[in-house]
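Q: Here is how the chains run, residue by residue.
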Amino acid sequence: ILNVEQSPQSLHVQEGDSTNFTCSFPSSNFYALHWYRWETAKSPEALFVMTLNGDEKKKGRISATLNTKEGYSYLYIKGSQPEDSATYLCAFDRDDKIIFGKGTRLHILP
Amino acid sequence: DSGVTQTPKHLITATGQRVTLRCSPRSGDLSVYWYQQSLDQGLQFLIQYYNGEERAKGNILERFSAQQFPDLHSELNLSSLELGDSALYFCASNAASTDTQYFGPGTRLTVL
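Top line first, the protein sequences correspond to chains A and B.
Read in order, the letters of the first sequence are residues 36 to 145 in this note's numbering.
Read in order, the letters of the second sequence are residues 89 to 200 in this note's numbering.
Worth flagging that the hints you see were computed from the coordinates, not collected in a lab.
Source: prediction; values computed, not measured.
Cβ atoms here follow ideal geometry from the backbone N, Cα and C, with glycine treated the same way.
A couple of the hints might just be wrong.
[Stated by the list, open to error] Ranges between beta-carbon positions, derived for each pair:
hint, chain 1, residue 1, chain 2, residue 2, range
1, B, F157, A, A76, 27 to 33 Å
2, A, R129, B, H98, 30 to 36 Å
3, A, S45, B, E142, 46 to 52 Å
4, B, S115, A, Y111, 32 to 38 Å
5, A, T86, B, D159, 38 to 44 Å
6, B, R106, A, S53, 48 to 54 Å
7, A, N64, B, S185, 33 to 39 Å
8, B, F157, A, Q49, 49 to 55 Å
9, B, E170, A, K93, 42 to 48 Å
10, B, R106, A, Q49, 35 to 41 Å
[Said to hold, decoys possible] Simulated crosslink set (DSSO-like; lysine-lysine; CA at most 27 Å straight-line):
hint, chain 1, residue 1, chain 2, residue 2
11, A, K113, A, K137
12, A, K94, B, K97
13, A, K92, A, K137
14, B, K145, A, K132
15, A, K104, A, K93
16, B, K145, A, K77
17, A, K113, A, K94
18, A, K113, A, K132
19, A, K77, A, K132
20, A, K113, B, K145
21, A, K104, A, K77
22, A, K77, A, K137
23, A, K92, A, K132
24, A, K77, A, K92
25, A, K92, B, K97
26, B, K145, B, K97
27, A, K137, A, K104
28, B, K145, A, K104
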């Protein structure tokens, strides 16, 4: 059974603090790892697509790393802002199938 | 606005009925993906089409079918509907040159 695990399930972070969370996925048949940001009542918005082991990607205050050999990816948010409150989803793409984690729900406290 | 459109926005129907959900990808995108978001299951990949051909299949029930037309829009057909089919159905598209997927606004299906 292919499983994608995200931890923690939920996270409360003080505004201005930095945070990170994890996505674990099968290390075989890897094609790509997707990160999405999903705000309530909206559609998932693509953050990163990562394909190579050791990849590091950055978009403003958000960055991600990828380790395909051990099957994990980290998402980092630096200096959290209220607009970062959302669910962050990762998806394991093995080209013939895409499996989503259940997401990390991030709450930024003022 | 991602450039992906889905119609209708909401759909309410009865058990046993059949519905069709429609998706228009971003201009120039050849791939269309369908996803189901239900409360207990999270986001589930259903099926992918590329330039009119089925390319990958996920957890799509036999009562469900999809197709992609020559103009690249796609339809997801759901038949013999059950209460458990109530969910938010998303489609997404991407270009051949990138793996980034752009999601549409979704169709909320309620089966009564």
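Q: A separate judgement is required for each hint: does it hold in the structure or not?
A: Evaluated hints:
no.: 1; hint: F157(B) - A76(A): 27 to 33 Å; in the structure: 30 Å, holds
no.: 2; hint: R129(A) - H98(B): 30 to 36 Å; in the structure: 33 Å, holds
no.: 3; hint: S45(A) - E142(B): 46 to 52 Å; in the structure: 37 Å, violated
no.: 4; hint: S115(B) - Y111(A): 32 to 38 Å; in the structure: 34 Å, holds
no.: 5; hint: T86(A) - D159(B): 38 to 44 Å; in the structure: 30 Å, violated
no.: 6; hint: R106(B) - S53(A): 48 to 54 Å; in the structure: 50 Å, holds
no.: 7; hint: N64(A) - S185(B): 33 to 39 Å; in the structure: 23 Å, violated
no.: 8; hint: F157(B) - Q49(A): 49 to 55 Å; in the structure: 50 Å, holds
no.: 9; hint: E170(B) - K93(A): 42 to 48 Å; in the structure: 44 Å, holds
no.: 10; hint: R106(B) - Q49(A): 35 to 41 Å; in the structure: 50 Å, violated
no.: 11; hint: K113(A) - K137(A); in the structure: 23 Å, holds
no.: 12; hint: K94(A) - K97(B); in the structure: 31 Å, violated
no.: 13; hint: K92(A) - K137(A); in the structure: 22 Å, holds
no.: 14; hint: K145(B) - K132(A); in the structure: 7 Å, holds
no.: 15; hint: K104(A) - K93(A); in the structure: 21 Å, holds
no.: 16; hint: K145(B) - K77(A); in the structure: 25 Å, holds
no.: 17; hint: K113(A) - K94(A); in the structure: 11 Å, holds
no.: 18; hint: K113(A) - K132(A); in the structure: 32 Å, violated
no.: 19; hint: K77(A) - K132(A); in the structure: 24 Å, holds
no.: 20; hint: K113(A) - K145(B); in the structure: 37 Å, violated
no.: 21; hint: K104(A) - K77(A); in the structure: 33 Å, violated
no.: 22; hint: K77(A) - K137(A); in the structure: 16 Å, holds
no.: 23; hint: K92(A) - K132(A); in the structure: 23 Å, holds
no.: 24; hint: K77(A) - K92(A); in the structure: 24 Å, holds
no.: 25; hint: K92(A) - K97(B); in the structure: 34 Å, violated
no.: 26; hint: K145(B) - K97(B); in the structure: 24 Å, holds
no.: 27; hint: K137(A) - K104(A); in the structure: 22 Å, holds
no.: 28; hint: K145(B) - K104(A); in the structure: 25 Å, holds
Violated hints, listed in ascending order, are 3, 5, 7, 10, 12, 18, 20, 21 and 25; each of the other numbered hints is respected by the structure.
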